[in-house]
Structures are given as structure tokens and as C-alpha cells.
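A.B. asks: Okay, here's what each chain looks like letter by letter:
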Amino acid sequence: MDEIASLLEPQIPALRRYAWALLRDHEAADDLVQDTLERAISRWGQRRHEGDLRAWLFTIERNLFLNGLRQRKARGTQVGEDALNDVQAPGTNPESHLGLRDVLMGLDALSEEQRSLLLLVGVEDLSYEQAAKVLGIPLGTVMSRLSRARARLREFMENGRSTVLRRVK
Amino acid sequence: MTGERPIGEDDLQAYVDGRLASSRREAVKAYLDDHPALADQVKQEIDLREALRARLAFKAAEPVPSRLRVANLVAAQRRPMHRRAAAVAAVVGLLIGGILGAAGGVWWSGASHVAGASVAGNAIAAHRIYVSERLHPVEVPAEQEAHLVQWLSRRVGKPLTAPNLTAQGYRLIGGRLLPDSGEAAALFMYENAGGNRLTLYARSGGAEAQTSFRFESRDDVSAFSWIDNGLSYVVTAKAERAQLLPIAETIYQQFEAPGDPAKGRL
Chain V
1 MDEIASLLEP QIPALRRYAW ALLRDHEAAD DLVQDTLERA ISRWGQRRHE
51 GDLRAWLFTI ERNLFLNGLR QRKARGTQVG EDALNDVQAP GTNPESHLGL
101 RDVLMGLDAL SEEQRSLLLL VGVEDLSYEQ AAKVLGIPLG TVMSRLSRAR
151 ARLREFMENG RSTVLRRVK
Chain A
1 MTGERPIGED DLQAYVDGRL ASSRREAVKA YLDDHPALAD QVKQEIDLRE
51 ALRARLAFKA AEPVPSRLRV ANLVAAQRRP MHRRAAAVAA VVGLLIGGIL
101 GAAGGVWWSG ASHVAGASVA GNAIAAHRIY VSERLHPVEV PAEQEAHLVQ
151 WLSRRVGKPL TAPNLTAQGY RLIGGRLLPD SGEAAALFMY ENAGGNRLTL
201 YARSGGAEAQ TSFRFESRDD VSAFSWIDNG LSYVVTAKAE RAQLLPIAET
251 IYQQFEAPGD PAKGRL
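Protein sequences appear in the order of chains V and A. Letter by letter, the first sequence follows residues 1 to 169 of our numbering. Letter by letter, the second sequence follows residues 1 to 266 of our numbering.
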């Protein structure tokens, strides 16, 4: 158990950041992180390579996030409205000004896969190989999709949100 | 000047992420110098990458809520599992009892369950005999706990410790060595403020490496038994099932907690 704790706990801040970036809700994000950790603990013995702990954890987290989205969709619940409102809510981050908030708005203009790529590579510093594992796509595909995601984010920021369909996966 | 390979989108992405080896980075820089429109886009993408990192940095810097503490999650995961396992074991026990009754026990040779049950039976018998003992309930008193633990560990053949049950209101009064089917068994005895005594029985063996909790009740005495890491444990007390279960869980968790989980412990 000590081994599990000493390996898992250093990863928790990054897991919380990714979860919040996906969900934009602090409670929901911590629920997702908790589910992720519980899954990791219960499947600890099935973990194959020590070195890929991060990729493994982000894979679990993303899959749980996607499962949650599917379930909410199946129930017909409106997804994302709160998340978007939360982004615009003043005071969530004292340093936020228009430009910084717009980055998150831009993120929401992307598909979930593009968003995850930008977050995992650009923010969580996963290697391209690790990102390929998390998303279950080949390395070459990671590079081209990352390129497209960045181009799309850049275009969104240049042209303003009005021209881009607000898409929430 | 651009090296042997033409600049690709993978180079540009790795450049944005600052992951190019220096020679390749210089090649990309030179290429961008010749393509100012592209250079402007790349600059924007680097800025956006930085903006996103800055915007999200606060979240990773927050203190981690206690509900995400791994130790708490591990403990929480064990508890409901054992409640369920104990409930299932109780039902299975009833079923097996019924079947044994019906079939006269002829076909049943489920060694591990029977062996586990006999360890529990021996533990309960030892509990009955020694708990009521006023003069000599233990061979070695708690004052010599280090010696007691060392001695019993050596005789049982596995490293033991006397679990700390003060949070449950029980303090160690000592322990003794017992014979069990030709093997050595350790008995730790605890007492609460009301003079109620609880025993923890441990011996090596058990066909299975690990089992869930099994509950037994004989007259007014209740016992939870389990096998973990090659040791059979039985905690016995004159208590209701619901009172005894958290104590059994505490003991189980204390054996889990210290050191390398793969190494022997109690």
C-alpha cells in the first residue's frame, strides 16, 4: 500500500488539472480523479510497466470521462452548459483576464480528442508516445492531429468565437 | 542548412513543445526565418500553449483534498469489499451447512473451508478457555510486548505484531503460545475498560493465499477469520457481529499497512 501511495500521490495534481480542464467543475473533476484512483488501485496488479504509470493513469481518467459523457448523453442530460458558464464566471481565477479565459473558450471549440491532445502534450508534458497510448492512436496520427488541433485553436483565437460552432463533446 | 530531412509538421509541433534536439531546432528556426507567415503562426501556437499552461497551473497547485488521499481510498475500497464478502461468506456458509446436512457430508471435501473452519474452531476454543482465566490469562504480559512478539513470531514462523486496538477501546494484556494440529499458534489477548476480552489467534498455513472474512458465532461468542499472506487469523470476542467487524477490519488493515505489502507481516 505504501508503494501504491508513493507512486500515485505525485500524479494527483496533474490528474486533477486534466480532469478540471475537461469538466470545468471542481467537484465533478475530483469525482473523476477519485474514480480514476480507485480504478488504478483495484487494478494495480494488472499494471504492466512501471515507466508508463502516467500514461496508464491518464488513459483510465480519459476513458472514465468518456464513459461519463456517454452515460449523460444516453440519459439526455444537457452537457457542458455549466462547464461553459463556469469558464466565464469571474473569480474562478483571480489572474484571469479576457485573453486567458479565451484560451479555455478556444479549448471548448475543439473536439474532445484535440482537447485531450493539447492538454496531455502541452500541459501535462506527456511524450508523444505516451499521448499516443492514452488516445489509442499511432504516433504519426498524434503529430498530425496535434498540428490540426493547434491550428484550429489558433484560428479560433484569431477569428473569435462567433465564427466557430461551439462544440461540446 | 535545413539538414538532411525536410521540415515536417512533426518538427513544427516538437518545436512548439520545445522538444527538438538543438541541431534540429536550429534547422527549424532557419526554415521559419525563410517563411515569416508560418513563423507567425508557430509563434502564436507557442503563446497559446503557454497561455493554456498558465491558465491551468492553479489547479495543480491546489492542496489535494483528503478524499483523494491514496491511503484513504485503499482503506475505503477494502471496507465495502469485506462487508460484501463477509455477507456472501455467511450465506455460502449457510448453504454449505444445509448441503452438508442433506448429503451427510459424504461428497464434500472442500479442504480449505473445512481447514479454515477448524482453525476458527480451535481459536474459539482457546478464547473460551483463556478469556475466563483470572490468574493466568496470558503467558507473557503486555509489559514484555517486544519479547512476546519476537517469541511468537519465531515459533509461528512468520513475523507477527500485536495490532494496536486502542482506537477500538481495547488494550493488549499479553499473549501465549498454543498447539494447533501439530503447529504453533499465537494468541494475543486484549481487554477493554469494561473488562471484556478479545483474542486474536494467528497461525501459519491455510491452503489459500488470501480469503475474505468468514463469520462464525457459537453461543455468545463471535469470530471473524481470514487468511492473508500465508497466515490464518481469527479474531474472537463476546460481541455482536456488527461490533466485531470494524475491529477485524482494523486488524486486517494494520497487517496491510506497514512496509512492503509483499513481505510477511502481522
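Check each hint, because a few of them may be wrong.
[To be verified] Computed footprint of chain A on chain V, listed as stretches where at least three residues anywhere in the stretch have a Cβ under 8 Å from a Cβ of chain A:
no.: 1; region: 3–11
no.: 2; region: 14–28
no.: 3; region: 36–45
no.: 4; region: 107–117
no.: 5; region: 138–152
No wet-lab data here; the hints were simulated from the structure. Yeah, the Cβ is synthetic: ideal placement off N, Cα and C, and Gly gets one too.
A.B. asks: Do at least three Cβ atoms from the region 107–117 of chain V come closer than 8 Å to Cβ atoms of chain A?
C.D. replies: violated (count 1)
A.B. asks: If you look at each residue in the region 3–11 of chain V, do at least three have a Cβ nearer than 8 Å to any Cβ of chain A?
C.D. replies: holds (count 5)
A.B. asks: Using C-beta distances, would you say chain A covers the region 36–45 of chain V, given that this needs three or more residues below 8 Å?
C.D. replies: This one holds; 4 residues, not fewer than the three required, reach chain A with a Cβ under 8 Å.
A.B. asks: Taking a Cβ-to-Cβ distance below 8 Å as contact, does the region 138–152 of chain V have at least three residues touching chain A?
C.D. replies: holds (count 7)
A.B. asks: Quick check: the region 14–28 of chain V, covered by chain A? Criterion 3+ residues, Cβ under 8 Å.
C.D. replies: Since three or more residues must qualify, the claim that chain A covers the region 14–28 of chain V holds, with 5 doing so at under 8 Å.
When held up to the earlier numbered hints, the structure conflicts with hint 4 and nothing else.
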